[in-house]
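Asks: In case you want the letters, here they are:
Protein chains: 2
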Amino acid sequence: MVETSHSRAEFTARYFVESSVPISKAAEVIAGEQSSGTFLSLPGETEALKDRARARVTKVNSLPPVFEPSLHSAFVDRKGPVSLYYRGEIEIAFPVDNIGANLPTLLSTIAGNLFELGEVTGLRLLDIEFPETYARTFPGPRFGIEGTRRFAKVYDRPLIGTIIKPSIGLLPDQTAEIVDSLCSADIDFIKDDELLVDPAYASFDDRLAAVMPVLHRHADRLGRMPMYAINISGTIDEMLRRHDAVLAAGGTCVMVCVNWVGFAGVEHLRKNAQLPIHGHRNGWGALTRSPQLGFSFAAYQKLWRLAGIDHLHVNGLRSKFWEPDESVVDSARSCLTPFAGVQPLMPVFSSGQWASQAPDLFTMLRSVDLMHLAGGGIIGHPQGIAAGVASMREAWEAAVEGVDLTAYAQSRPALRAALSHFQAA
Amino acid sequence: MVETSHSRAEFTARYFVESSVPISKAAEVIAGEQSSGTFLSLPGETEALKDRARARVTKVNSLPPVFEPSLHSAFVDRKGPVSLYYRGEIEIAFPVDNIGANLPTLLSTIAGNLFELGEVTGLRLLDIEFPETYARTFPGPRFGIEGTRRFAKVYDRPLIGTIIKPSIGLLPDQTAEIVDSLCSADIDFIKDDELLVDPAYASFDDRLAAVMPVLHRHADRLGRMPMYAINISGTIDEMLRRHDAVLAAGGTCVMVCVNWVGFAGVEHLRKNAQLPIHGHRNGWGALTRSPQLGFSFAAYQKLWRLAGIDHLHVNGLRSKFWEPDESVVDSARSCLTPFAGVQPLMPVFSSGQWASQAPDLFTMLRSVDLMHLAGGGIIGHPQGIAAGVASMREAWEAAVEGVDLTAYAQSRPALRAALSHFQAA
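Taken in sequence, the protein lines are chains W and Y. At position 354 of the first sequence (counting the first as 1) the number is 758 in this note's numbering, and the numbers step up by one without a gap. At position 34 of the second sequence (counting the first as 1) the number is 438 in this note's numbering, and the numbers step up by one without a gap.
One chain only, chain W, in its complex shape (with noise of 0.2 angstroms):
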């Protein structure tokens, strides 16, 4: 806990920042815009306003300069020409009692009007860090990943997982068909689509009342339930009724589409929830892609996980999406490191995933605390569904073992199709 000389609580969020004016005023006017006013004191801002109210600038760390902005800004235009940008790292400290547990003016205070501040020509949410005592006043993951492993009954391993395709449009009776499948190739894990909730002609009432007994089926002769995370993302109203539906029916995990759905919204399932919430994160390209703006997925992964999902989705190696590997992998470390005593969150690596992944994601992440889907890697398996989970599984256990894939293969035939017709493709 960073501690004033009046002992005030503060957590601290850490920006990239790239401005017109000096790193040192960009951060002081930022400190300002984000607490009690502007840069200049106002009438009212009082010494005891600032004390309990101010935001302090903790650090300013510069970096080399640009000669053109990474963002436009009308404002820097209007004030006349600038012949350098400053750029830098700075952290800026917020009294915790200015927000209290509401994640909606947390995020208002460290990702709000600031990205718009006409000084500023770049700004990234890095990181924060919390007081432990300060993030214990917010949700968390309810069942985070040993929760998710009981659910699953799969311990010791990732959790082996596919996604229905297509996307959407198939009627509730093909749904049940493909989870049957699916199911009896021993999969562990499932999910919706990010597009599938409730279309017209096949309502989430139906799917569900389709693919539960086929769950069941399966659960009775695996002696595991596979664990199905149906999305459920709507209304307030409706992702309560439809959490209780599956809750009801037997099922183990629903799916969210967070950025859409909301902090609020998030944070209301998981206080009335009592199956693991799996965090669906698309949308997220537009918060990132830009490296001058937005977020860093250090800090987003853990907003979520004060909001209390339980799983985040982090793309994968070699995938069809723009991200490359190393910050794949940095994402799913992120999701596993200790924040303020916040239960970590299980990785979902998925996109263009197939067994050759696997030795790659445990080098570079040392752990087996995450959930790896396969679509064609797994639906498309030369043998079947069956073979391709099961080379999604052998892989794994190369991994662990350290023995190259290839070899690994010689006795295993499901992996070695897999290496011979995906590695070609």
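Worth flagging that the hints you see were computed from the coordinates, not collected in a lab. Values in this document were obtained by computation on a predicted structure and should not be read as measured data. A couple of the hints might just be wrong.
If chains are identical, the list can't say which one is meant, so a pair holds when it fits in one copy or spans any two.
[Claimed, not checked] Capping the alpha-carbon separation at 20 angstroms, the derived lysine to any residue pairs in SDA-like fashion look like this:
| no. | residue 1 | residue 2 |
| --- | --- | --- |
| 1 | K557 | L651 |
| 2 | K463 | L530 |
| 3 | K429 | P468 |
| 4 | K675 | L644 |
| 5 | K675 | E642 |
| 6 | K483 | A828 |
| 7 | K724 | H476 |
| 8 | K483 | R722 |
| 9 | K724 | P485 |
| 10 | K454 | S428 |
| 11 | K675 | R645 |
| 12 | K454 | P576 |
Go by the hints and put chain Y onto chain W.
Replies: Then chain Y, alone, in the frame of chain W:
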């Protein structure tokens, strides 16, 4: 309403796209990713399924290509060198039946994984168009401009308002004193800062208890209750409880930070609210400042209009923020423009405002259906707060009558003092 040969109801989304593949192919990749599957047909992706669920590319307009990507893509790097990046505007038609009245799923569909596609080096949601039959299934604003005017009893001119400053740190009785001064100046509208909801030293309930008697006293005097947008952002339960407390106390408006409460939370508030909802857009900079990424305001305001807020912030002319004036006015115009039978939003101008912006705003917007908020322009007026409010009203009278501000100021001391004081600053 766009119709296919099957009379399938559709809505459309329009995008700017930059891609390593030709724009028509990129458009197909996006349409596939955001509906029934991938670019290639999957098993189970039957003609019947495509008919009901597949998105259609309805327009492709190429723009001149560029030689450097706007956004980095490791996927493009991996696929090998690209000599140019195609650009264009595309329109995609999505089946209404895929989604229904589900805001989070609507967003996942039009603003989801597409931002992260490997082939995409730029993607911005420019606009959306809905059939009225679809738009009507969302809440929409309950009060809008007309309802807001009924609560405020201010007609035929903008609502002149201010934000309580310092943003945060005031004690409840200090807040009440400021509210008293503002109401004594016959102000129309007051709002909390987006940072302020429920600090430990000035709880929401204490603030409400402190300010409401002041508002009532002035309401008795003025024959109208000054509208106070009190920030209720927080958890779902807290927002509903706070809304009810404001309503019970005789308040006439509540405020929420829309991006961080989120779509599900704001829609839930709308369904349970009996007061106009003042929408603060802090964080918007992160979604819009990179010109080849994120959202345009035209699309953004429609989405929040569907969710049912009544007012939305648009910055101000010559403000302390980055945004060019034309962009500010375009935003306000889009709030006032008809959209599929959904009520318009009242645009809220603020930041660096004083009397001088009124004629420019009116010339560009040709409307008085707006809120014009000034901080220093009211509180910093050399003759006091009442003269600050008067100067803003007089400036709008001049603007609407088409009289030059300086000429109009000759017989109006408040406006004259504002012009000489603030123009010199």
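Asks: Reference check for the pair K557 and L651, CA-CA at most 20 angstroms: within, between, both, or neither?
Replies: within (17 angstroms within a copy, 49 angstroms between copies)
Asks: First find the shortest C-alpha distance between K724 and H476 inside one copy, then the shortest across copies, and answer within, between, both or neither for a cut-off of 20 angstroms.
Replies: The answer is between: 14 angstroms across copies meets 20 angstroms, while 31 angstroms in one copy does not.
Asks: Within a copy, between copies, both or neither: where do K483 and A828 come within 20 angstroms Cα-Cα?
Replies: between (59 angstroms within a copy, 15 angstroms between copies)
Asks: Between copies, within a copy, both or neither: which fits K675 and L644 at Cα up to 20 angstroms?
Replies: Classified as both; 10 angstroms inside a copy, 16 angstroms across copies.
Asks: With 20 angstroms as the alpha-carbon cut-off, assign the pair K454 and P576 to within, between, both or neither.
Replies: between (59 angstroms within a copy, 16 angstroms between copies)
Asks: At most 20 angstroms between C-alpha atoms: does K675 with R645 qualify within a copy, between copies, both, or neither?
Replies: Close inside one copy (14 angstroms) and across copies (17 angstroms); limit 20 angstroms.
Asks: For the identical chains here, do K454 and S428 meet the 20 angstroms Cα criterion within one copy, between copies, both, or neither?
Replies: Result: close within a single copy only, 19 angstroms intra versus 56 angstroms inter.
Asks: Under a CA distance limit of 20 angstroms, which applies to K463 and L530: within one copy, between copies, both, or neither?
Replies: For K463 and L530, the Cα distance is within 20 angstroms only inside one copy (13 angstroms; across copies 38 angstroms).
Asks: Within a copy, between copies, both or neither: which one fits K429 and P468 at a CA-CA cutoff of 20 angstroms?
Replies: within (16 angstroms within a copy, 40 angstroms between copies)
Asks: At most 20 angstroms between C-alpha atoms: does K675 with E642 qualify within a copy, between copies, both, or neither?
Replies: For K675 and E642, the Cα distance is within 20 angstroms both inside one copy (15 angstroms) and across copies (13 angstroms).
Asks: Taking 20 angstroms as the upper bound on the Cα-Cα distance, should K724 and P485 be classified as within, between, both, or neither?
Replies: Result: close only across copies, 17 angstroms inter versus 42 angstroms intra.
Asks: How would you classify K483 and R722 at a CA-CA limit of 20 angstroms: within, between, both, or neither?
Replies: between (45 angstroms within a copy, 11 angstroms between copies)
In this structure, every one of the numbered hints holds.
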